[in-house]
Each structure stands twice: as C-alpha cells, then as structure tokens.
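**Q** For the protein sequence lines, the chains are H and L, in the order given.
Under the working numbering, the first residue of the first sequence carries the number 1, and numbering increases by one thereafter.
Under the working numbering, the first residue of the second sequence carries the number 1001, and numbering increases by one thereafter.
Simulated from the structure, these hints should not be mistaken for laboratory data.
Incorrect hints may appear among the rest.
Stated by the list, open to error - DSBU-like, lysine-lysine: derived pairs with alpha carbons at most 35 Å apart:
{"#": "1", "chain 1": "H", "residue 1": "K571", "chain 2": "H", "residue 2": "K601"}
{"#": "2", "chain 1": "H", "residue 1": "K456", "chain 2": "L", "residue 2": "K1236"}
{"#": "3", "chain 1": "H", "residue 1": "K628", "chain 2": "H", "residue 2": "K662"}
{"#": "4", "chain 1": "L", "residue 1": "K1236", "chain 2": "H", "residue 2": "K196"}
{"#": "5", "chain 1": "L", "residue 1": "K1021", "chain 2": "H", "residue 2": "K456"}
{"#": "6", "chain 1": "L", "residue 1": "K1232", "chain 2": "H", "residue 2": "K448"}
{"#": "7", "chain 1": "L", "residue 1": "K1232", "chain 2": "H", "residue 2": "K196"}
{"#": "8", "chain 1": "H", "residue 1": "K456", "chain 2": "L", "residue 2": "K1221"}
{"#": "9", "chain 1": "H", "residue 1": "K456", "chain 2": "L", "residue 2": "K1132"}
{"#": "10", "chain 1": "H", "residue 1": "K732", "chain 2": "H", "residue 2": "K448"}
Since the model is a prediction, treat every value here as computed from it, not as a measurement.
Read off the chains here:
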Amino acid sequence: MSDKASGEGIGQPVRRKEDFRFITGNGHYTDDITRPRQTWAYFLRSPHAHARIRAIDTSQAEQAPGVVAIFTGKHVAADKLGGLICGWTVSSKDGTPMKVGPHPILALDTVRYVGDHVAMVVAETLADARAASELIDVDYEPLPATISLDTCQNGNAEQVHPEAPRNTCFEWELGNKPETEAAFAKASRIVKLDLKNNRLIPNAMEPRAALGEYDKGSGIYTLHTTSQNPHVARLVLSAFVGVAPEHKLRVIAPDVGGGFGSKIFIYAEETACVWAAAKVGRPIKWTGDRSEAFLSDAHGRDHLSHAELALDGNGKFLALRVKTIANLGAYLSTFSASVPTYLYGTLLSGQYDIPAIYVEVDGVYTHTAPVDAYRGAGRPEATYLVERMVETAARETGIDPAEIRRRNYIRTFPHQTPVIMNYDAGDYEASLDAAMKAIDYAGFPARKSEAARRGKLRGIGMSSYIEACGLAPSAAVGSLGAGVGLWESAEVRVNPTGNVEVLTGSHSHGQGHETTFAQLVASRLGIPMEQVEIVHGDTDKVQFGMGTYGSRSGAVGMSAIVKALDKVEAKAKKIAAHLMEAAVEDIVFENGTFTVQGTDKSLPWAQLALSAYTAHGFPSADIEPGLKEGAFYDPTNFTFPAGCHICEVEIDPDTGITRIEKFVAVDDFGTIVNPMIVEGQVHGGIAQGIGQALLEHGIYDAESGQLVTGSYMDYCMPRADDLPSFTLGFTKTVCPSNPLGMKGCGEAGAIASPPAIVNAITDALGIRDIEMPATPARVWSAIQAATPRAAAE
Amino acid sequence: MYQFNYERPKSLADAEALLAKADDPKLLAGGQTLIPTLKQRLAMPSDVIDIGGLKELDFIRAEGDAIMIGAATKHATVANSADVRKHNPALAALAGGIGDPAVRHMGTLGGSIANNDPAADYPAACLALDAKIHTTKRLIEADEFFKGMFETALQDGEIIREVTFPHPEKAAYMKFRNPASRYAMVGVFVSKGPWGIRVAVTGAGQNGVFRVSEMEEALAKNWSPDAVANVKLPAKGMNADLHGSAEYRAHLVTVMAKRAVAAAG
Ligand SMILES: Cc1cc2nc3c(=O)[nH]c(=O)nc-3n(C[C@H](O)[C@H](O)[C@H](O)COP(=O)(O)OP(=O)(O)OC[C@H]3O[C@@H](n4cnc5c(N)ncnc54)[C@H](O)[C@@H]3O)c2cc1C
Chain H
1 MSDKASGEGI GQPVRRKEDF RFITGNGHYT DDITRPRQTW AYFLRSPHAH
51 ARIRAIDTSQ AEQAPGVVAI FTGKHVAADK LGGLICGWTV SSKDGTPMKV
101 GPHPILALDT VRYVGDHVAM VVAETLADAR AASELIDVDY EPLPATISLD
151 TCQNGNAEQV HPEAPRNTCF EWELGNKPET EAAFAKASRI VKLDLKNNRL
201 IPNAMEPRAA LGEYDKGSGI YTLHTTSQNP HVARLVLSAF VGVAPEHKLR
251 VIAPDVGGGF GSKIFIYAEE TACVWAAAKV GRPIKWTGDR SEAFLSDAHG
301 RDHLSHAELA LDGNGKFLAL RVKTIANLGA YLSTFSASVP TYLYGTLLSG
351 QYDIPAIYVE VDGVYTHTAP VDAYRGAGRP EATYLVERMV ETAARETGID
401 PAEIRRRNYI RTFPHQTPVI MNYDAGDYEA SLDAAMKAID YAGFPARKSE
451 AARRGKLRGI GMSSYIEACG LAPSAAVGSL GAGVGLWESA EVRVNPTGNV
501 EVLTGSHSHG QGHETTFAQL VASRLGIPME QVEIVHGDTD KVQFGMGTYG
551 SRSGAVGMSA IVKALDKVEA KAKKIAAHLM EAAVEDIVFE NGTFTVQGTD
601 KSLPWAQLAL SAYTAHGFPS ADIEPGLKEG AFYDPTNFTF PAGCHICEVE
651 IDPDTGITRI EKFVAVDDFG TIVNPMIVEG QVHGGIAQGI GQALLEHGIY
701 DAESGQLVTG SYMDYCMPRA DDLPSFTLGF TKTVCPSNPL GMKGCGEAGA
751 IASPPAIVNA ITDALGIRDI EMPATPARVW SAIQAATPRA AAE
Chain L
1001 MYQFNYERPK SLADAEALLA KADDPKLLAG GQTLIPTLKQ RLAMPSDVID
1051 IGGLKELDFI RAEGDAIMIG AATKHATVAN SADVRKHNPA LAALAGGIGD
1101 PAVRHMGTLG GSIANNDPAA DYPAACLALD AKIHTTKRLI EADEFFKGMF
1151 ETALQDGEII REVTFPHPEK AAYMKFRNPA SRYAMVGVFV SKGPWGIRVA
1201 VTGAGQNGVF RVSEMEEALA KNWSPDAVAN VKLPAKGMNA DLHGSAEYRA
1251 HLVTVMAKRA VAAAG
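Starting from the given sequences, assemble the full structure and let the hints guide the process.
**A** As structure tokens, then:
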C-alpha cells in the first residue's frame, strides 16, 4: 500500500475535500443559481396565531409595479393540489389512527400560526414582490389562540382542527402497563419528576430556498431546493401533492448549508414555487430570510412530561412510567408524528436494564409553527428524561451517581428492552470509566471547595446516553407506521480510465460525505481519493435514495456503497480472470492490482477498467461489457451509539451566570472512518446541546401567539465564547449489523449533553430541578428561592 | 427596504443643507441600527443622508484635560486609540465591548447616542463622564441629552459633530450582557472626576440611562465596593422581559456597581 493510500484509508483524519470549495466561495447553494427570466416569490404570512380569513383582495397588489402573478389558497384548490402530508401514521391506545387536520399549501379559510402562508406574490424582483404583498387586503377575523401545553387539552381550549377534539392528535402508548404497575406496587422507593423539554428553533446557517422551473417542451418540472432528501421530496410532491408525475419532476438539492432535521421536510414554499413556475411560464426563486426561518422552519422538542422511576432497596431500577404531552404545532409536518413516539418512547430504557416500562404520549396541536425532527429527534427528549431521573434517584437514595448507573447498566447483549429496541452491542461502563478518568472525577470535591473559597458554586453532572441510529430496517419501521422504507442505495460507476463516480442516496449538508465516502471507495479500490467523485442530491442522477438524517449515512449509506463495491469487485475479478486466463477463484485483488495467486501475472486497476469498456474478446455470454454496479442496502437492525458525557460547571451566585469549566465526552460510535470529521460532529452536537441547556428557547406569547423569540436579539444562539474546549474520547464496540461496524455520530452530542449540564447545575445549586434553558435569570431566581430570606427583611 | 434617495454629502455643511431640504430625511452613520430597521420596513425615509464617511467627523483628539471624539468615529477606533486608552481606559474598554468586531468596525459614537437605545453602552459613559455633546446647532450637556427610550434632545436637522469626554480620575464600566443580543442588560459606569462622583446605569431602566444618586452619595463618603453593596434599587421602573425580571435587573445594578468600583480601583 502506498503512503498516500494509507494516509487516506479508513480511520485517517483526512481533510475535508469539500471545504476548499466552500471557504473560497465556490459552493453552489440554491440561492446562487439564477436563471434567465427568473422571477421572485414573496410569501405573505399570517400576522395572527389564529384567524378566519373572510376575504382576500389582491386586486390592488396585482396592479403594483413588477407583479407577475399572485396566488392564494383558492388557486391551489382550483388546481386540485393535495396538502402537505405526514409520512408516518401513529395510532392511539384505542386503535384509532391519529387525527389529522388538513395542511394546505396556502391557507384557504383559516390561518393557524403566526407565519402561516396566506399568499404568494411573484414579481420581477424580490423588492417588487414584497412591496406588492403589502397591498394585499386580507380580511381576518382574529380568533383566540391555543398556545400552552398545560391547557391545550382542556375542554374549553380553542380548537386548532375540528378533526382533533381536545386538540389531541393521538394518545399513544408503548410498553407493558400491568407489569409496570405491578413493579411500582412492590417498589421500595419511587422517584418522581416533572420535566419540560424546551422548544428549539433550528437555525441552519443557510436559510431554506427554492427555485422552481418548468420546461414547456418536455413538460418537465425542476426544483432546486434546500433538502436533506430530494427523492423523498419528489415522491411527496408527485404522489401526494400532485404537482407533477414523478418522472416529470426533477428535484435537486445542491450544496446545502446545514439542515439539523429542518430540511428533511417538504414545506409550502418550495411546493408553491415549482407548481407556480408552470403557471407563470418562468422560473420562480424564493430564498427565506432569517425572520421567515424563525417563523416557519419546523421547530424541535417541546415536551411536558411527568416521570416516575421505581427502585428496589439496592438502587436497582424496577420500572419506569412516563406521561408526555408533545407539541406538534398547528399542522403535522412530514415526520412529526414519529418523533415523540417511535423515536422517543423506544429509547426510554436508556443504558439500563429496566424490566418494565410504560409510556403514554399525547401528541397535541397548538397555534404554533409545526414541530418535527431536530438534531436527535425524540432521542434527546428521551435521554433528558432518563438521565434526569437517574440523577434524581441517585440523590434521593444517597448512592453516588456513577454507582447507581453501574448497578443498572445492561451488561449482556443482545438485550431486548421492554420498548421495542434490541440493543446489539455496547460497553457502557467502559465509557463511564474513561469519562470519569478524563474529567478527574475523584478530584472534584477539591475543585468544589476551591471554587467555594472564590465564592463560586461548582457542580458536576453526568449523562449515560444511548440512541438508535442507522434509520432503519424497512420492515420494522413499516410495522410501526412509516409510509416509507429506510434502506439506502448506491451505484459505483467505474469509468474507462479507472476513476470512479459513486452515486449515493445519502445527502451531505455539512457531514463531509464527499470525503468519508471517498475514503471508503479509494481504500477499497486502491486508488487515490482524487479519483473518486461522490455524486448526490439530484433525482436525475441518483435513481432513488432516502437521504440523510438520524445519523444514517455512515451505517446505511456507506453500507450500500460497500454492497455495490462487492459487486464491482466480483465482476472485475471475472474480467481479470478472463484477461489473465485464470480461474476466478485464483484472482486476488489488493492495493489496486489484480494478481493470479501463485503466479507473477498481474493487472493494474486502470488497465482492467479500460478492458471492461473495450470488451475485446469478452465471452459475451459470461461477461457483459462495462463496470457499473448498484445496490440497495436495508439494515437488519438500528445501530446503538452510546457513551458518557460529564460536565463541570461553575456558577456565580451574584449574577446567576453558569460557566462550563470542563466538558468530557466519551462516545462509542463503532468503527470511525474519519476521526477529524467525527470530532467535528461531536463538537457541533455538544454546542447545540449547550444551546438547549443554557441558552435557546423558542417562546410564543401565551395570549397572542406571537413568536417572542423571532430574532437573534431574543433567541440566544450559542457563540464560541459560550463553549468550553471539549475533551473527547472514544471507546469501541463494533456494530454487528453492518459491514463496516459503524454506529453513527451526528446526533450524540446534542442528545447526551443537556442532561449532563442540568445535572451539574442542580448539583451546584443543591436543587431538584431547573428548567432549560438555565439562563442567568433562572439560575439567580432558583438561588433566591432556595436561600431563606435574610431575617431582617 | 422601501425605496429612498441615497445621498453622500462631501461635507457637514452639505449634509445640513440636504437635511434641510428633504421631505423626511434620515442620517446614516454606521448603519448598524438604521439598516436593520430599514430592512424590516419599520422606517420609510424619503432620503438617507450618509455621513458615515465624513472625515471631519472622524477623529480623536486629546487636548488639555479632555478627549474630543468625532461623531462618525467607529467603536473600534475608540477602543484602540492610544489617547483614549491612556486618559480614559474605561471608555476604551466600553467601546471594545460593544457588539462584535463587525459591529465595532461599522457602528459610530454619534449613531449610538443619537439612537439612545435603552440597552446601549455609550449613553452610560456620556452620563457618568459628564460629557458635552456638540451638535451643528449647540452644546448639550449629557445630563440634558438623554430623554428616555430612543429619545434625545436632538431636534430635526441637528447633527452631532463631536463629544467631549473630560478625563476621569477613576472610572470603570461593568456590563452584564443580554445573553442573546449581547447589548447591556445592565451596564453600570462609575466615575470620579472634576464633576464629582457619578454612577450611570444603562439597560436596566424603563426610561433608558439614569443616574443613581444613593450610590453617588455613598461613594462620595467612601469610595469602595462595600459602599454600594448595600444600596438596593427598587424593582419599580426596571425593565422586565423574557431575559430577566425587574427584580433581577435591580439586583444586577448593585452587583455591577460593586464590580465597577472594584475595577476602577
Ligand atoms: C449585532 C449588533 C450588536 C450590537 N451590540 C451593541 C452593544 O452591545 N452595545 C451598544 O451600545 N450598541 C450595540 N449595537 C449598536 C451599534 O453599536 C451602533 O452604535 C448603533 O447601532 C448606532 O450606530 P451607527 O453608527 O450604526 O448608526 P446608524 O445605524 O447609522 O444610525 C442610528 C441612528 O442615529 C442617527 N444618527 C447617526 N449619526 C448621527 C449624528 N451624527 N447626528 C445625529 N443623528 C445621527 C441616525 O439617523 C439613526 O437614527 C449593536 C448593533 C448590532 C447590529
């Protein structure tokens, strides 16, 4: 193997191929694409959280300078377009399917959240479109809004959808209720906690954008859009919305600047742009601004839970029962029903052997933006709940937090939890030990007293998390209500000159697939990485794919590539055998060279590739010309990344400011292809977790339903100086279910870190709970509430 | 943004003339407040008169026992000025703590005080340092200049030319940043100089920047952090929002004042 190859192989921290393009301004994002005769769209949005639309008068706006066309819900209805859909059906305890209110592309007679789409103005310039939108006269009848999770299910709460009484979309359950009740009945201690999981607003760096085009000659529509899964977008737009038949619709997701889940979904804006492009006969561009992103990107989290943990006298967990109210917002988004159910309830066993679990989740509608998957999706909510409960149990029993975890860890695999998941491999104690060593857990009491001498409150908190990634075995998700299969596809095209194009159904929007996928292919074929091109994001190039989310691209996407590479190698060996007049079984392929075992006969890769296409003298019955193979890979199980994060904070009691002094993350991601990229993913994930724990909160006014945190003036995004330097470590148990042994790393940081931080803060303050985000004001108030007032006052 | 005429006068005199003849003009300096306002269509001026590039408004001069700073001087220039650092390090530090580097390289002193955002930093410095605000029409004492939230003594057609900051003997500014915006949630500027002792608070009050006479009196008797530690402000009149209650802000005034006195030495 050449030095070059070993420097690029699996496990090497190869620099990202794509970064040069991005940092020199040579990326191609949707907004960078401009077409001749292009028009601009501006969406008039609802200023009300809930209102009836009595009438919309566009006559004056239509006369405004530069206006090409104005569309409202009536035009959409006249064209018989379907609404936006939720691709996952969840059923209630009583067996009835979830209650779905229609989700129109443009509002027909009712608006249901501030930012809901009322009209689309198409004009020569964005300024013209925006100016004209102000001339649209919408006659609203404002109605009361349902905002609060506490009261939305009350009988007198304003209804979001008549289809869903008590604003309840579903009342789902998972686990075994009688066993759980029985375990609680014999428990020697029951730990109870009410927990909130704060609403987050995603804030990918690139706002959502779309460019819709229609070619009159061929009847083909083209949509460039900021998508994490362009094929799924095409499927929904054709099969459900009915914009165009699938073969007449091309969806391209070019360079995409971050998604974090928010770009999985199919939104009104791109749908309207591609649909209307045919009506106006010109391309239509829309690029959301940051304010629109705040209002209309699907938000994340937003749970209200009550949890109870039953323990025996030795601190062994007997059972967990949970009741959660999950905010779905005003409409169901593309996958929203799955997030607080199958991506949440199934992870409530954590890393622990809990014999009985019962969870009930009510998915509810409110007059707020739709809530869907956001980095971690359901798993951060589950981990937060489990790890806060475990910490509280440790404090109430007086057992050290590490010790209570050790007593309850799952130690034999495979392990069937009471909530569907079958954990395949793991060594939870190894991560815990490594993390405790890295943070010098034993030295904490000394650091705490040193901090106390400086008037500071120091606390430590840990989180032993597990998540389910590698989404997902198609049969499993199908049985749980998914409308899609979650396999992945790949095609390896070997060119006559020996370089390779790899077409993948995964989509990179920051993950670095162009690097990691190329590392895999180059090392397997023994060619330099420059000779491998990763192609993704275009439905005309890649036949079909399920896209990137849920840390699936390594475990599922790369497994599909491995499968295709196996086929390429098999065929190449056949060709080599023919050319070198040997038996296929005697051909060895190593470091880019085919040899006949036991001889000095050899054939380099490039020569074989050329021969595959010249095909001179191939026995045509046996060997077809060419070298190109495709594969679909359907995983046989989820993957289970797990680990332990420990956080040490220091609080200034005078101001309530929390500083994270140390943060250690030890993760087991199975096989790691590129440690530099993995570390970047962990850093980013922890930054988002710190955002949730300390800074970020999407808040609607409880009465008016206005988004109070609609800009960075009030929505606190983490900045570099809010973050400590992270200490990372890795342990490794190989994932047995996929060929590379990979588990996935994209979400772990965001999943594991919030409970570690809140455990540390509550430890520092000596209190049971504090709501996220633990802002200085909240921390200060908690200190005030905990300190008895001075006698003089 | 709505359409407007954009003017770039060559001199202050030209700017005054343009200001006088336009329908509904607006001065533009660093644009850090005005441009976001225009982009959100919250203002619709007929003419935007850009004085940000006027050399005659961009200077720092140390003369006698004061520093004169031109209205179009950028925060970064103030923060890095050897003269300001030498004679008025608290002011340099304040300027260096405004926003982020991009904001500091665009935003100006004149724009900041003309805007009088209740959470802005400079108003606290002006008030605590007994600054003199020179406009195209007159001299306005800092005590007379700030009139409440986004309100100043400036009249139509009046342009700030420069601000004179007399050198303090002791001074320091302590800022508790709003976690999201990083503006001052509570900023306290304490000073001792020819004007006596002043304590000015920004960010906290419903009516913008204000002085705290109880703290000034306490410090006059005993210049030490302990002197202000026991002066507690009432919550009444303090801002309250999702970032903190009125009680919290009132409490922070005392904490920041204590720290400012300690830092001033
Ligand atoms: C992200 C961000 C963070 C910020 N953080 C802070 C912070 O932490 N602390 C802080 O104090 N400020 C902060 N600012 C505000 C910034 O410091 C600017 O100083 C302030 O916005 C105004 O200055 P400007 O030169 O940009 O004025 P402009 O935006 O150009 O003008 C503001 C107003 O002042 C008027 N004006 C400008 N110059 C004059 C003059 N010479 N005479 C009369 N009127 C005039 C204009 O007509 C306009 O009404 C921040 C701004 C941003 C965008």
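**Q** If a hint holds in the structure, say so; if it does not, say that too.
**A** These are the hints, each one checked on the structure:
no. : hint             : verdict
1   : K571/H x K601/H  : 18 Å, holds
2   : K456/H x K1236/L : 29 Å, holds
3   : K628/H x K662/H  : 50 Å, violated
4   : K1236/L x K196/H : 31 Å, holds
5   : K1021/L x K456/H : 60 Å, violated
6   : K1232/L x K448/H : 30 Å, holds
7   : K1232/L x K196/H : 34 Å, holds
8   : K456/H x K1221/L : 30 Å, holds
9   : K456/H x K1132/L : 41 Å, violated
10  : K732/H x K448/H  : 32 Å, holds
Comparing the model with each earlier hint shows violations of hints 3, 5 and 9; every other hint is respected.
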